[in-house]
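Chains as they are written, first to last, in the numbering used here: chain A, -9 to 208; chain B, -9 to 208; chain C, -9 to 208.
If you're looking for bench data, these hints aren't it; they were derived computationally from the structure.
Be a bit skeptical, because a hint or two may be false.
Just so you know, same-sequence chains aren't split out, so a pair can sit in one copy or run between any two.
Straight-line Cα separation of at most 20 angstroms, EDC-like style, residue types lysine to aspartate or glutamate; simulated pairs [stated by the list, open to error]:
id, residue 1, residue 2
1, Lys15, Glu130
2, Lys188, Asp78
3, Lys15, Asp84
4, Lys98, Glu17
5, Lys188, Glu155
6, Lys188, Asp52
7, Lys188, Glu17
8, Lys15, Asp52
9, Lys98, Asp78
10, Lys188, Asp84
11, Lys98, Asp52
12, Lys98, Glu155
13, Lys98, Glu53
14, Lys188, Glu53
Next come the chains, spelled out residue by residue.
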Amino acid sequence: MTLLYVLDIVGTLVFSISGAFRAVKYELDLLGVLVLSVATGVGGGCVRDLILGSTPPAAFQDETYLLVCLAGGLLVFLAAGRIARRWDCVMFADAIGLGVFAAIGAAKASACGLGTVGVIMMAGVTATGGGVIRDILVVEIPAILRTDFYATAAICGGACFVGAEYAGLPLGAQLACCVLITCGLRFLAMRFGISLPKIKSLPSSPSNLTQMHRDRKD
Amino acid sequence: MTLLYVLDIVGTLVFSISGAFRAVKYELDLLGVLVLSVATGVGGGCVRDLILGSTPPAAFQDETYLLVCLAGGLLVFLAAGRIARRWDCVMFADAIGLGVFAAIGAAKASACGLGTVGVIMMAGVTATGGGVIRDILVVEIPAILRTDFYATAAICGGACFVGAEYAGLPLGAQLACCVLITCGLRFLAMRFGISLPKIKSLPSSPSNLTQMHRDRKD
Amino acid sequence: MTLLYVLDIVGTLVFSISGAFRAVKYELDLLGVLVLSVATGVGGGCVRDLILGSTPPAAFQDETYLLVCLAGGLLVFLAAGRIARRWDCVMFADAIGLGVFAAIGAAKASACGLGTVGVIMMAGVTATGGGVIRDILVVEIPAILRTDFYATAAICGGACFVGAEYAGLPLGAQLACCVLITCGLRFLAMRFGISLPKIKSLPSSPSNLTQMHRDRKD
Chain A
-9 MTLLYVLDIV GTLVFSISGA FRAVKYELDL LGVLVLSVAT GVGGGCVRDL ILGSTPPAAF
51 QDETYLLVCL AGGLLVFLAA GRIARRWDCV MFADAIGLGV FAAIGAAKAS ACGLGTVGVI
111 MMAGVTATGG GVIRDILVVE IPAILRTDFY ATAAICGGAC FVGAEYAGLP LGAQLACCVL
171 ITCGLRFLAM RFGISLPKIK SLPSSPSNLT QMHRDRKD
Chain B
-9 MTLLYVLDIV GTLVFSISGA FRAVKYELDL LGVLVLSVAT GVGGGCVRDL ILGSTPPAAF
51 QDETYLLVCL AGGLLVFLAA GRIARRWDCV MFADAIGLGV FAAIGAAKAS ACGLGTVGVI
111 MMAGVTATGG GVIRDILVVE IPAILRTDFY ATAAICGGAC FVGAEYAGLP LGAQLACCVL
171 ITCGLRFLAM RFGISLPKIK SLPSSPSNLT QMHRDRKD
Chain C
-9 MTLLYVLDIV GTLVFSISGA FRAVKYELDL LGVLVLSVAT GVGGGCVRDL ILGSTPPAAF
51 QDETYLLVCL AGGLLVFLAA GRIARRWDCV MFADAIGLGV FAAIGAAKAS ACGLGTVGVI
111 MMAGVTATGG GVIRDILVVE IPAILRTDFY ATAAICGGAC FVGAEYAGLP LGAQLACCVL
171 ITCGLRFLAM RFGISLPKIK SLPSSPSNLT QMHRDRKD
């Protein structure tokens, strides 16, 4: 389990760096950088733990996570330019973090007795919840809802975790399945620009319909 | 209680459809549609359960709710046009869902020992929390804060639930009171375009005053 | 402890007034004013209690807090102009509230066994969480992330609380330290316009880099 812990810390660091860069983009002050680092680094796990009723969340029980997030934020504050030049490394580590977070989320949800859909959702929430909080804090529509094949990779990884559970594999193999599938899909998506289908907004869009409906009633 | 369960499922389905249509409006991808469906369908109940300390939230204990939300999202993804043409049916079912959610929220809060204000608030939170999360995820000011007589109907229903409790009525009658008052008020509001009073922004608005205050201090 | 309770109520009232003024700025209706009052007044404490697993949150166990928030909202709804003319008094009481909330947050977190970083964070979350929720509800980037020396005062207060704990001082002295330092720093910041450093957005910003990275991959 030590390897998983190390990877978890690496994932937290990279996620916090992604949060700090968002703060830089909006020219927030030092506090803004640190808040976004922490929120992005441990936000997904905190939401998962609140839903599972496992309080205080893991990040508050082992403060290493919080310290790693603060370190990530300071790193960006002091050396944003140098990190930005190695953005491919950041993206690589981010994909690893995505897989590890999904696996840990699925394992915790399964241990709490959640069902199939719940376990898969918790894989997605753990892996992407921090990024959603980051985007909401800077008033952007969360990136995972729009284009990227990102949360979907975590969800597929969560499904593999459940599948491996049904197949009777031990916990270690379930975790490995989830990490490998999530990271693999994410790498493929980055390499080949995979994205999910979407539908165009309707010509007579539902919001117009609501408006019409109201106008008629008024 | 079986009728209440069926109505609860219907409400969840309709709320998830409203979430999915919001995703279509912003041209989100399939994942975005499903996330907004689930968040809108079960978000209010989840916030309520987190506040009441009843974890994991009901939707994760009976996964029917999550599956119904996913079905609602897929339905919109595949047949948005056809559903939009029957928008009056959607609005009708939405009002039913509002009443049922308010009643369930009030009953759970009351069972957890919350006071009068808390029970009424939980009726409102259960009925409208999902919609608020939906609006925040697409970066809109929540609709219930602006114009509609929507949350107010749920709050009045919650007040009737408490009133019926004080009057010594059994739980079934309390639930019926809450559903009928909420749905009735919502139908009246849709029919006659009722809305709450508002005040115009001040000519010397408080934010300007803050600004002035700061300028003076600087 | 009675003095602390009175100051806590005063802080809640002032925070709810600040929430209500935000609603007025966006011309929300009466419900919007009341929702923002309650969310701003008790939101920080609720987030803290959810993280600490102390449910239902304090505001729902002693409904005085909720009633005070509703009173604050109604006050603004009825007499916004008169309150706005005494904005300096509101800012003064707001600084007091900041200190009291930080002290209560730190004390609760410490009692729940959180570590140093956790206690300091809970001081900040209790004092500023309500304001963050207020800003998110009206789709603004939270004020504390951008410019003000506001959350930072609460965080310094939380650090003093922890320091006083290490020094072996009794709880009363820890609370007093936290309130005095937080209020003192906040007054100084308002008086002299202190703010935190920030870094300019990079010429080759990381989001562009991500874009480039993606373009190259596509």
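Hint check:
1. In the homo-oligomer, the alpha carbons of Lys15 and Glu130 lie at most 20 angstroms apart both inside one protomer (12 angstroms) and across protomers (16 angstroms), since each shortest distance falls under that limit.
2. For a Cα distance limit of 20 angstroms, the shortest separation of Lys188 from Asp78 qualifies neither inside one copy, at 28 angstroms, nor across copies, at 25 angstroms.
3. In this assembly of identical chains, the alpha carbons of Lys15 and Asp84 lie at most 20 angstroms apart only when taken from the same copy (19 angstroms versus 30 angstroms across copies).
4. Neither within a single protomer nor between protomers do Lys98 and Glu17 lie at most 20 angstroms apart by alpha-carbon distance, with minima of 36 angstroms and 33 angstroms respectively.
5. In the homo-oligomer, the alpha carbons of Lys188 and Glu155 never lie at most 20 angstroms apart, since the shortest distance is 32 angstroms inside one protomer and 48 angstroms across protomers.
6. For the homomeric pair Lys188 and Asp52, neither the shortest alpha-carbon distance inside one copy (41 angstroms) nor that between copies (29 angstroms) is at most 20 angstroms.
7. For the homomeric pair Lys188 and Glu17, the shortest alpha-carbon distance between copies (7 angstroms) is at most 20 angstroms, but the shortest distance inside one copy (32 angstroms) is not.
8. When the C-alpha separation of Lys15 and Asp52 is checked against a cutoff of 20 angstroms, the pair qualifies neither within a copy, at 30 angstroms, nor between copies, at 42 angstroms.
9. In the homo-oligomer, the alpha carbons of Lys98 and Asp78 never lie at most 20 angstroms apart, since the shortest distance is 30 angstroms inside one protomer and 43 angstroms across protomers.
10. Taking identical chains as interchangeable, the C-alpha atoms of Lys188 and Asp84 are never at most 20 angstroms apart, the minima being 25 angstroms within one chain and 25 angstroms between chains.
11. In the homo-oligomer, the alpha carbons of Lys98 and Asp52 lie at most 20 angstroms apart both inside one protomer (16 angstroms) and across protomers (18 angstroms), since each shortest distance falls under that limit.
12. Taking the shortest Cα distances, Lys98 and Glu155 sit within 20 angstroms of each other inside one copy (13 angstroms), while across copies they are farther apart (34 angstroms).
13. In this assembly of identical chains, the alpha carbons of Lys98 and Glu53 lie at most 20 angstroms apart whether taken from the same copy (19 angstroms) or from different copies (17 angstroms).
14. In this assembly of identical chains, Lys188 and Glu53 lie within 20 angstroms of each other by CA distance neither inside one copy nor across copies; the values are 41 angstroms within and 26 angstroms between.
Of the numbered hints listed earlier, those contradicted by the structure are 2, 4, 5, 6, 8, 9, 10 and 14.
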